[in-house]
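K.L.:
As a plain string of letters, each chain reads:
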Amino acid sequence: NAGVMQNPRHLVRRRGQEARLRCSPMKGHSHVYWYRQLPEEGLKFMVYLQKENIIDESGMPKERFSAEFPKEGPSILRIQQVVRGDSAAYFCASSPDPKGGYTFGSGTRLTVV
Amino acid sequence: QQQVKQSPQSLIVQKGGIPIINCAYENTAFDYFPWYQQFPGKGPALLIAIRPDVSEKKEGRFTISFNKSAKQFSLHIMDSQPGDSATYFCAATGAGSYQLTFGKGTKLSVIP
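In order, the protein sequence lines correspond to chains A and B.
To get this note's numbering, take the position in the first sequence, counting from 1, and add 29.
To get this note's numbering, take the position in the second sequence, counting from 1, and add 259.
No lab work stands behind these hints: they were computed from the structure.
Hints are not guaranteed to be accurate.
[Stated by the list, open to error] Derived pair list, reagent style BS3-like, types lysine-lysine, alpha-carbon separation capped at 25 Å: (1) K317(B) to K327(B); (2) K274(B) to K327(B); (3) K301(B) to K73(A); (4) K330(B) to K317(B); (5) K274(B) to K330(B); (6) K317(B) to K80(A); (7) K274(B) to K366(B); (8) K366(B) to K264(B); (9) K363(B) to K301(B); (10) K363(B) to K264(B); (11) K73(A) to K363(B); (12) K264(B) to K330(B); (13) K330(B) to K301(B); (14) K91(A) to K316(B); (15) K56(A) to K366(B); (16) K264(B) to K56(A); (17) K316(B) to K363(B); (18) K274(B) to K301(B); (19) K100(A) to K56(A); (20) K317(B) to K363(B); (21) K274(B) to K73(A).
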């Protein structure tokens, strides 16, 4: 079992570009969560998805951020027109059910220059 | 609003010492309190978790103490080792929620 796979591990984008972060959940897990970790901070919930559905996006910024989890393929967190404040580590987690028991991936570290 | 307050921010102990990390929460609906260990460049990994129906839970060298009336819980690491050097996060969730609310983390250094 390969665990939760995130790629890329590191991503550098210039201000105004788009960032696409990918997450493949553990085998058998159909619930995916995205969290953001700013430097010296704990993780903050962004969005919870099941296959083809966004269940809760209450932690997502209202603009420029979107997420999807298609029927086939990985979950994607998309950030349009990135700004310096988007620089952070983005972690994906998956679970077999929504009652906790997350497994986190190793994260994507986004740097906006 | 920070719903889970964690202290200290950093901690240095000698090998064999017992570091203690404390967390306090505000939301009385929380009913599941996990601790995560994070090494540099890695994602958080679940270490140990407790529910409020018990006051203490032990797994190997790691112990959680829970005080429901004070709304506080703490992590103790017995016989700490240099390999325990990592950042530790407490978290909380509850009322059927799937969202974890994290503390800001404690960077632990265990020196030989």
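K.L.:
Determine for every hint whether it applies to the structure shown.
P.N.:
How the hints compare with the structure:
no.	hint	in the structure
1	K317(B) to K327(B)	17 Å, holds
2	K274(B) to K327(B)	31 Å, violated
3	K301(B) to K73(A)	16 Å, holds
4	K330(B) to K317(B)	19 Å, holds
5	K274(B) to K330(B)	30 Å, violated
6	K317(B) to K80(A)	36 Å, violated
7	K274(B) to K366(B)	15 Å, holds
8	K366(B) to K264(B)	15 Å, holds
9	K363(B) to K301(B)	16 Å, holds
10	K363(B) to K264(B)	7 Å, holds
11	K73(A) to K363(B)	10 Å, holds
12	K264(B) to K330(B)	11 Å, holds
13	K330(B) to K301(B)	30 Å, violated
14	K91(A) to K316(B)	40 Å, violated
15	K56(A) to K366(B)	32 Å, violated
16	K264(B) to K56(A)	34 Å, violated
17	K316(B) to K363(B)	22 Å, holds
18	K274(B) to K301(B)	23 Å, holds
19	K100(A) to K56(A)	14 Å, holds
20	K317(B) to K363(B)	23 Å, holds
21	K274(B) to K73(A)	32 Å, violated
The structure is inconsistent with the numbered hints 2, 5, 6, 13, 14, 15, 16, 21, although it conforms to all the rest.
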